[in-house]
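Peer 1: Generate the whole structure from the sequences, applying the supplied hints.
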Amino acid sequence: MNEIVKISLTFVLLVLLQVLVFNNISLLGYISPMPYILWVLFFPLRRNKFLYLLGAFFIGLTIDFFSNSGGIHAMVCVFIAYIRLSVLKLLFQKKDVDFSSFSIRTMPTIKLTYYTIILVVIHHFIVFSLEFFEFSKIGNILKYTFTTSLLTLFLCAIGISLFIKKSK
Amino acid sequence: MRQLFAILYRLRFFIVFFLLESIAMGLILRNYSYHRSVFVNSASFITGSIYEQFSSVRDYMYLREENRLLNEENALLKTQLARKPKEDQVDTTSQKYRYIPARIINNNYSKQHNFLTLDVGSRVGVIPDLGVVNSKGIIGVVRNVSNRYATVISILNVNSKINVRLKKSSHFGTMIWDGKDYTKTQIIDMPRQASIVKGDTVVTSGKSAIFPEGIPVGVINEVRFEDKQYKKVGVTLFNDMTSISNVQVIYNRDKKEQQEIEKATDNE
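Chains as they are written, first to last, in my numbering: chain E, 1 to 168; chain B, 1 to 268.
The hints are simulated quantities; they were obtained by calculation from the structure and are not laboratory data.
All of these numbers come straight from a predicted model, not from anything done at the bench.
Even glycine gets a Cβ: it sits at the ideal position worked out from N, Cα and C.
Warning: the hint list may mix true and false statements.
[Claimed, not checked] Footprint (simulated), chain B over chain E, 3 or more residues, beta carbon under 8 Å:
hint, stretch
1, 27-34
2, 49-55
3, 62-70
4, 77-88
5, 129-138
Peer 2: Here you go:
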């Protein structure tokens, strides 16, 4: 129960931070970081995966409501939630992930970094692909993905080291 | 049959995933069809009131600049009023346009599809497809309206299309935004007879029922004339879209009539 309350509170907090602070940042005129994705990345692994998928959908949809982006964030969050386990299995031996004491919070820093980078870049790439919605603008999409990912990852690193990472 | 259920059961996670993605894709496509009100928008009560609360803090910081703008506009209006003869006093009952004052409570300019949120809604008579301006020029067109809030398609939205003309020669064109620079827009469909030079002023054409004629838009900053037609016409906006706060929504009393007539003509 305690954990559910905590998850819900982080949901609200990250959404508010995203729409009131980070959406208003536009470094160099176009870079607005999206650190709300931390919620999808660090949702506890052991929880019901259907609940997780729905949660990802709703945090995305909430962001969409605020930023008038239709369903872009809902779509990308569901996708990230869907592939998360596969990425973890890719980084670790399959056995480790299935092991009951495995937790994202206690995984080695280097793997945690890879995990965050992979998912943030995929997230940003899909967001910008859907926003530009035109294949001919692939150059712009890549540019936006790269620069925005850098800023998001920087903010994520701060968030992770302050609130998420626990040493074993 | 049992086997089918077994397969579906095994695929249940993928099915839920697919369902959610389909819903999201539907919402996205709906959002991209321009003239359509959408369900997911920031004019709703919750998003609107959160933006309203927090924008008051930001507005406080820009108070000095806002006051200066208002003062400038006041001075301009007084000058115009002084020039008019007395018997020509403004009679608001017979006016075609009514201006509804509004405050921007959320502003975007760094995306491809930028929207603004206003603190006025259907309660004070705002309806979709009304023009939004401030003292310097045009801002956008109202899209979704709730009881207390409204969303506006910014002129900095790649789907935005505004009818404009040159101030000096009244040649028409369509103003769009290429999504690159938030200080510049582009004009397409300029007739080749029009002589455009850098520094020409662009105003709204008044051809659609959205904006009255002659509202300032910007200044031509780039002209490329190739193969006997205008390849590219760039406009520098008068408005700094990154710091706008007080605006007016233009309610056109004849809008319904004009649209009905246009519709009837289109059907013939």
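Peer 1: Please go over all the hints and tell whether each is borne out by the structure.
Peer 2: To see whether the hints hold, each was checked on the structure:
1. 27-34: Since 4 is at least three, the answer is holds.
2. 49-55: This one holds; 4 residues, not fewer than the three required, reach chain B with a Cβ under 8 Å.
3. 62-70: holds (count 7)
4. 77-88: Holds, because 3 residues of the stretch 77-88 of chain E bring their Cβ atoms closer than 8 Å to Cβ atoms of chain B.
5. 129-138: holds (count 4)
Hint violations for this structure: none, all hints satisfied.
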